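S.K.: Order-wise, the sequence lines are chains Y and P.
Position in the first sequence (from 1) plus 26 gives the number in the working numbering.
Position in the second sequence (from 1) plus 26 gives the number in the working numbering.
Hints in this document: simulated from the structure, not taken from any laboratory.
Among the hints, a few may not be true.
The list treats identical chains as interchangeable, and a pair is accepted whether it falls inside one copy or across any two copies.
To be verified - Cut-off 27 Å, straight-line C-alpha distance, at most; resulting in silico cross-link-like pairs (BS3-like, lysine-lysine):
1) 276 - 202
2) 263 - 172
3) 306 - 213
4) 172 - 302
5) 418 - 265
6) 263 - 227
7) 172 - 74
8) 116 - 284
9) 263 - 74
10) 172 - 265
11) 263 - 418
12) 116 - 227
13) 284 - 227
14) 276 - 265
15) 414 - 302
16) 202 - 306
17) 265 - 227
18) 358 - 265
19) 418 - 116
Nothing here was measured: the structure is a model prediction, and the numbers come from that model.
2 protein chains.
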Amino acid sequence: MTQASVCTIGDEILIGQIVDTNSSRISQALNIAGIRVKRMLSIGDERKEIIDSLREELEINDIVISTGGLGPTKDDITKSALATLSGSRKYVENETQLAIIHRILSSRGLDVLDINRAQAMVPDTCEVIPNNLGTAPIMVFRFEEKVFGHPATLYALPGVPFEALGAVPAVIDDIKAHYPVEDIYHKSVMTYGMAESALSKLIEPWETALPADMHLAYLPNQLTGVRLRLSIYGGEKEKEETRIEAELKKLEAILGDKIYSDSDDNLQNTIGRLLKGTGKTLSAAESCTGGEIASLITSIPGASEYFLGSVTSYAISVKESVLGVNPATIEKCGVVSREVAAEMAEGVRNLTGSTYSVATTGLAGPLGDGVNRVGTVWIGVSGPSGTKTLTKNYQNDRMRNIERFSATALDFLRQYILNDSSS
Amino acid sequence: MTQASVCTIGDEILIGQIVDTNSSRISQALNIAGIRVKRMLSIGDERKEIIDSLREELEINDIVISTGGLGPTKDDITKSALATLSGSRKYVENETQLAIIHRILSSRGLDVLDINRAQAMVPDTCEVIPNNLGTAPIMVFRFEEKVFGHPATLYALPGVPFEALGAVPAVIDDIKAHYPVEDIYHKSVMTYGMAESALSKLIEPWETALPADMHLAYLPNQLTGVRLRLSIYGGEKEKEETRIEAELKKLEAILGDKIYSDSDDNLQNTIGRLLKGTGKTLSAAESCTGGEIASLITSIPGASEYFLGSVTSYAISVKESVLGVNPATIEKCGVVSREVAAEMAEGVRNLTGSTYSVATTGLAGPLGDGVNRVGTVWIGVSGPSGTKTLTKNYQNDRMRNIERFSATALDFLRQYILNDSSS
């Protein structure tokens with residue numbers, strides 16, 4: 027099996043200033059494409075360390091993918107280290123990348139400086155995959171068998187995450203063109219509302235009965251729930267896909283509407299699919315989630331077709347004056363309550379005239395209100411079949427609580443819309 | 027300088043199922059303590075790979091800290107690999123850890139099973155640092171100089187993040203008791219509004235004149251701008267900190283209000299610092315940013331002291347009916363215009379009664395409106411010194427455009443508040 031090492035280069039990772047997310051996402055993509063990641067390595071912006079470490083990785087892997095150290099400033103020295111490692115004696119200008127640099131900078135109203143232009147200069151020992159998303163080109167160094175005892179390829183990607191990830195499909199295509207890569211077939215279903223352990227217990231009989239060549243993975247995520255992925259390595263495409271489908275059918279019978287999608291998906295997109303083309307609309311009223319729900323909904327291109335808008339009512343005065351929450355309700359039940367969640371949902375629906383609405387009020391922490399436990403949220407959903415409420419408590423830090431509150435609210439809204447449409 | 031390698035062990039990291047946050051946090055703690063992290067490595071749950079890789083890391087580092095692979099289940103094989111690596115021939119029971127295991131399980135109402143008891147058994151070649159937060163003990167393997175050519179120590183920590191991080195202070199104390207540890211000093215300033223390359227050109231004379239032992243790093247981030255960090259290894263605390271301060275003073279004279287903070291910070295927190303305790307308040311009206319600005323502002327604990335709320339006016343009807351934008355303005359100037367941004371800012375300020383407000387209208391993409399370029403944003407800020415507007419164009423994907431729009435709006439708001447307070 028073709029084997030890869032993913033290396034991130036940059037002092038900021040070694041001193042713990044930023045968390046390296048590139049390695050994880052690149053590995054996920056390689057894994058899905060059937061390329062096995064054997065090691066991940068992070069090293070600093072130091073010439074000798076870069077050369078020695080990459081050489082070592084090339085000695086024990088077919089593929090090495092590096093990210094980082096390609097910026098225009100002086101502390102980025104990866105390119106010169108790669109020139110040495112590959113025995114390059116001169117740099118050549120890559121015209122395609124230079125044109126991209128001109129386009130990007132001029133679109134930002136910036137002049138092309140010498141240090142920008144220098145980014146289009148690459149060692150003559152590499153091939154270039156143009157980077158349309160940024161100024162640093164993707165460099166491909168191919169080493170013949172005699173160098174490391176096996177044919178080896180080094181792909182140098184920029185460190186900026188969206189540029190690095192943007193380069194991955196082209197890198198995978200290139201790997202597939204040069205190395206034997208076994209096909210891998212997989213399909214996922216997305217679930218929300220059950221923890222990994224409870225889910226695992228519920229589906230245990232099904233999981234135990236899976237054919238030996240079928241592998242199940244649990245992929246939990248704060249915002250999207252637990253993804254269940256079935257995979258098979260090798261075999262005939264059509265046949266294996268049919269076998270996977272058959273197993274997932276059985277799984278759907280067990281999990282019912284805990285499954286919200288049969289592809290890699292998220293809750294906000296699922297809600298968009300439910301609403302698009304129906305003429306039905308949506309609004310939101312947020313207190314403790316502070317705009318996160320609106321932000322998730324509007325992350326979907328074309329959300330303006332069904333999302334009218336939202337009110338973040340952080341102050342009580344805004345809850346009352348803009349959303350029309352009754353001051354007596356707040357007085358009697360408190361701000362974090364079923365009643366206020368319901369009135370917020372109804373209020374924003376009246377205000378915007380939307381078909382559906384979702385509302386949150388709670389305590390994300392770390393500060394409490396002396397009454398409710400930190401991590402408590404009340405969710406209200408309103409629509410043609412009336413107003414429904416739900417409460418949950420999560421024991422996380424502020425940011426994680428906000429994410430869980432938001433995802434739970436979106437899932438509650440999804441279930442409301444589903445049941446509403448079917449009635 | 028004492029040099030460390032941080033190694034995480036576990037297939038779930040290599041297939042990209044989870045993002046490794048242990049390495050980053052452990053490295054941060056080591057770095058602050060003056061222990062230099064030279065490499066981070068992630069490897070799978072494979073015996074030979076664990077032995078070979080850890081041996082290699084011990085050959086080139088004084089300290090190796092591993093996390094993971096110490097759980098009670100079958101796929102966790104780190105302990106047996108470490109027994110082999112250290113030449114252990116038998117396991118011994120660690121009584122302190124066994125007592126902790128009993129305490130933890132009984133507090134959860136669980137019986138102590140054989141697989142739990144087995145966690146207190148450790149190779150006779152190691153010392154134990156008790157792990158009060160979980161069942162797996164922290165193992166310390168000390169290798170004499172003759173083994174790897176230098177005295178080397180391997181600390182094996184559990185993989186559960188809060189257990190791993192909980193063990194770090196004891197590990198650092200142990201390192202300091204056995205190795206010479208030099209101090210490290212650094213300080214950052216946060217800048218916004220200039221690209222890395224432009225910044226680098228502007229401060230080049232200053233950068234070139236820096237003392238040889240002072241290292242400058244550029245750390246760009248979509249949401250927080252470019253962080254500039256100066257560091258010195260070794261020396262006397264007070265003296266080196268004064269030297270760094272003096273250089274940063276010179277930098278401040280060059281960059282002026284492009285610098286928004288002299289510590290690790292972000293724009294929303296800076297705005298919070300400007301407003302807290304002043305009695306002044308803030309609101310937001312968002313179109314293309316869809317709730318992201320409110321979300322950023324409310325990510326700061328205690329934001330409720332100054333943030334009243336926001337309206338995400340995605341639909342034109344909400345801009346008109348809730349924010350009071352004049353239909354004639356939209357008709358005449360278009361939704362994405364200086365005039366609408368200004369009326370949105372003024373509208374939300376009227377609606378909430380806040381001292382300041384910030385508004386955005388633009389096109390995050392990928393869909394356009396047939397008039398404006400995708401990536402265009404108009405920002406309005408309103409307050410006691412009137413209403414100001416700004417336009418920018420960014421050529422990114424939808425999510426990145428939303429982030430850039432939001433950060434630029436926050437920076438524009440920050441400058442408005444700064445100038446307003448000083449007048």
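S.K.: With 27 Å as the alpha-carbon cut-off, assign the pair residue 418 and residue 265 to within, between, both or neither.
M.R.: For residue 418 and residue 265, neither the intra-copy (43 Å) nor the inter-copy (52 Å) Cα distance is at most 27 Å.
S.K.: With identical chains, the pair residue 358 and residue 265 could be close in the same copy or across copies; at 27 Å between alpha carbons, which is it: within, between, both, or neither?
M.R.: neither (62 Å within a copy, 60 Å between copies)
S.K.: Under a CA distance limit of 27 Å, which applies to residue 172 and residue 74: within one copy, between copies, both, or neither?
M.R.: Intra 22 Å, inter 26 Å, cutoff 27 Å: intra and inter.
S.K.: Is it within a copy, between copies, both, or neither that the alpha carbon of residue 265 lies no farther than 27 Å from that of residue 227?
M.R.: neither (29 Å within a copy, 59 Å between copies)
S.K.: Between the shortest in-copy and the shortest cross-copy C-alpha distance, which are at most 27 Å for residue 276 and residue 265: within, between, both, or neither?
M.R.: For residue 276 and residue 265, only the intra-copy Cα distance (17 Å) is at most 27 Å; the inter-copy one is 68 Å.
S.K.: As a check of your reading, is residue 172 near residue 265 (CA-CA no more than 27 Å) within one copy, between copies, both or neither?
M.R.: neither (39 Å within a copy, 53 Å between copies)
S.K.: Within a copy, between copies, both or neither: where do residue 263 and residue 172 come within 27 Å Cα-Cα?
M.R.: For residue 263 and residue 172, neither the intra-copy (35 Å) nor the inter-copy (51 Å) Cα distance is at most 27 Å.
S.K.: Measure nothing new, just compare the shortest in-copy and cross-copy C-alpha distances for residue 172 and residue 302 to 27 Å and report within, between, both or neither.
M.R.: neither (58 Å within a copy, 65 Å between copies)
S.K.: Using 27 Å as the alpha-carbon threshold, which applies to residue 263 and residue 227: within, between, both, or neither?
M.R.: neither (31 Å within a copy, 54 Å between copies)
S.K.: Is it within, between, both, or neither for residue 116 and residue 227, if the alpha carbons may be no more than 27 Å apart?
M.R.: between (61 Å within a copy, 25 Å between copies)
S.K.: Have a look at residue 263 and residue 418 and pick one of within, between, both or neither, based on CA distance no larger than 27 Å.
M.R.: neither (43 Å within a copy, 48 Å between copies)
S.K.: Given identical chains, is residue 116 near residue 284, meaning Cα to Cα at most 27 Å, within a copy, between copies, both, or neither?
M.R.: neither (59 Å within a copy, 38 Å between copies)
Hint violations for this structure: numbers 1, 2, 3, 4, 5, 6, 8, 9, 10, 11, 16, 17, 18, 19, all remaining hints satisfied.
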